[in-house]
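Student: Chains as they are written, first to last, in this note's numbering: chain P, 6 to 297; chain E, 48 to 415.
Accuracy of the hints is not assured; some may be wrong.
[Said to hold, decoys possible] Now the stretches of chain P that chain E is said to cover, found in silico as 3 or more residues with beta-carbon under 8 Å: (1) 177 to 189; (2) 193 to 200.
[Unchecked claim] Some but not every residue of chain E turned toward chain P, in silico, with C-beta under 7 Å: (3) Leu99; (4) Val101; (5) Tyr117; (6) Ser130; (7) His136; (8) Met149; (9) Pro153; (10) Lys154; (11) Pro367; (12) Phe369; (13) Gly400; (14) Arg404.
[Said to hold, decoys possible] Each computed DSS-like pair below joins lysine-lysine, with the alpha-carbon atoms no more than 27 Å apart: (15) E:Lys214 to E:Lys376; (16) E:Lys376 to E:Lys343; (17) E:Lys224 to E:Lys270; (18) E:Lys61 to P:Lys174; (19) E:Lys224 to E:Lys154; (20) P:Lys113 to P:Lys174; (21) E:Lys376 to E:Lys270; (22) E:Lys61 to P:Lys113; (23) P:Lys113 to E:Lys148.
Note that these hints are calculated values from the structure, not bench results. All C-beta atoms in this analysis are idealised placements derived from N, C-alpha and C, irrespective of residue type, glycine included.
Chain by chain, the residues:
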Amino acid sequence: MKTRRSRRAMRLLRRVATHATLIVACLFALFPVYFMVVTSFSRLPLESITAQVLFPKAGSLTLASYQSVLYHSSTPFATMLMNSLIYGGSAAVVGLLLAAFTGFALSKFNFPGRRTFIYFVLVISLFPSFVLILPFYLMFANLHLIDMYIGLIIPYSAGTIVFSGILVKNYMDSIPDDIEEAALVDGLTRTGAFFRVLLPLCLPILALAALLAFIGPYTDYALANVFLTSPNMRTLALGLFADYSQTNSVGSSVYGVVTAFGLLMSIPIFAVYILFQRYIISGLTLGAVTGK
Amino acid sequence: MTGIRLEHVTKRFKEEVAVDDVSLEIADREFLVILGPSGCGKTTTLRMIAGLEVQTSGHIYIGDMLVDDYEPRDRNIGMVFQSYALYPHMRVADNIAFGLKMRRTPKEEIRRRVHEVAVQLDIVETLGRRPAELSGGQRQRVALARAIVRDPEAFLLDEPLSNLDAKIRTSARIELKRIHQQLGGTFVFVTHDQVEAMTLADRLAIMNHGRLLQCDTPEQVLKHPVNQFVGSFVGSPELVIIEGAVESAGTTSMFVRGPVRLRVRGGSKSGPVTMGLRPWDISVGRTPAPDRIPAKVIGLERTGSSDQLFLELASPSGVPAFTVRALVKSYEFNVGESVTVELDASRALFFDGEGNRIDSMSVAPSPA
């Protein structure tokens, strides 16, 4: 029989089980990061994962890996960082604008071929991006845009339209049509209503789209490798492979520099995420607009 | 100066005709209600006046200005949407001020007018809040304030009261009427609620299946509906329909249905005819009399001050019995009682086979 006491016990058990599961899941998710941090400061060559490696004594920590990465990379770290930020940033800005226009058009306009176009976009997004590397290279090589900033920014920006455009469209679908109409009656043109009423309402999804538009290009290796040939055009992703991909057991641990590089590289991503956190979470839930 | 004029306005969506050749003249400062069931085209008509839909053919004038080619923002109208359509990311004060801001009105004047309108509609305390924090009634008043503050020539309201609680709806209705009198603007109000329509309208425009059926004062529509649909749609409780026939013998014609036999004049001499009678024109009593029909109370609907009785009239043998409804004072009768019914047919309406009103037909006074 379910007495009040046993019911309360069951509830407690459930909460403990839930929390335990979540804690374990978090540990799984965070362990790689922890491992990277510990390895980046360690002076031991990594042969196997021992307790010595995982829980180092304070005295065995070193900044040697970081020094290697920052001062002894074949292309200056600052240059690579700047390049990556340029690509990530421009793709985010341009791609975002294009995605916003696309989403607006698909959501709030009714034109012939609209549904076909949406299916077309969705089908295109099924192609693994790897398949596009050769066509992109041939196109841009012919246009003499290889090894230039603009040459890479264009495919990066175009890539976000496909995914983020649909994201924006779905979000705008949940914004009632009559809010735009109220703006039209209030004195705005269709364009004005877009920039001053619809877009501000889409901030959550735009923030998410911006983050996605930034991360892809920032971490891209495949396309950048094909497009960029001069060392001073290198991005961080390229630099990581160029300098630190060989096995090398001399001096500071190879894994030390790889993880140090990786952590440094991910700082801007952490920063963007923290900045946009509020918007991204609400954008992820894609909730309908509240208030009438 | 005329308020709003629609000339032979038609709206077609691909195959479907939503609004069919509607011509309407709304006087300046009039409160016109467009009434009709869902899907009759009333909202589409309103949106065409606003410019949110473009008519397939016909012309629309707002204050003598031909607005066919004008965008909504240039038509000098204010609109209240059924869902209020407040801007969720702005505070109430900014919602109201938005239109003025777009027209580059000086800040001081904006503040003054927003405050003025907020006082008028009793929403001053909400000015700093967001729409999501307001009640339904408050949101409705903010939507109204947003329309009023721009001082437009005409106000278009699309079922603005249908999302309110029943209790608030009555007071909101009265307030709306008061605002109309204060502002003196032309109001076009769309609804499917005939009680709302009857209480608010200076004139009523009834639509069904895209067509404008009748446009007249509520009283006229009630007393002289143009057809059976209008007669049934307007008036609460609903019109009592008695389907019967006219039989003529010499110079006298009688409308006959079961126990109901009424002398009539005008109209055709014979054939099927439908009579419509208002429930408040059917009186119920207990004393039998030669001109009263015996009946039994088979149903009862109490609405506080009055009861609607469902009465089965006793028929001569072989003829199936039929029911009428009568409006009586509450608590006078109970279900199962045997009563007598008299039809005050001086205001009876007659309709032909297609539902059109036969104007010429009426009940003849009984011979002295």
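Student: Now tell me, hint by hint, if it's right for this structure.
Tutor: Verification of the supplied hints:
no.	hint	in the structure
1	177 to 189	holds (count 7)
2	193 to 200	holds (count 3)
3	Leu99	5 Å, holds
4	Val101	13 Å, violated
5	Tyr117	12 Å, violated
6	Ser130	5 Å, holds
7	His136	5 Å, holds
8	Met149	4 Å, holds
9	Pro153	16 Å, violated
10	Lys154	16 Å, violated
11	Pro367	50 Å, violated
12	Phe369	46 Å, violated
13	Gly400	42 Å, violated
14	Arg404	38 Å, violated
15	E:Lys214 to E:Lys376	23 Å, holds
16	E:Lys376 to E:Lys343	17 Å, holds
17	E:Lys224 to E:Lys270	23 Å, holds
18	E:Lys61 to P:Lys174	25 Å, holds
19	E:Lys224 to E:Lys154	30 Å, violated
20	P:Lys113 to P:Lys174	9 Å, holds
21	E:Lys376 to E:Lys270	22 Å, holds
22	E:Lys61 to P:Lys113	19 Å, holds
23	P:Lys113 to E:Lys148	25 Å, holds
In summary, the numbered hints that this structure violates are 4, 5, 9, 10, 11, 12, 13, 14 and 19.
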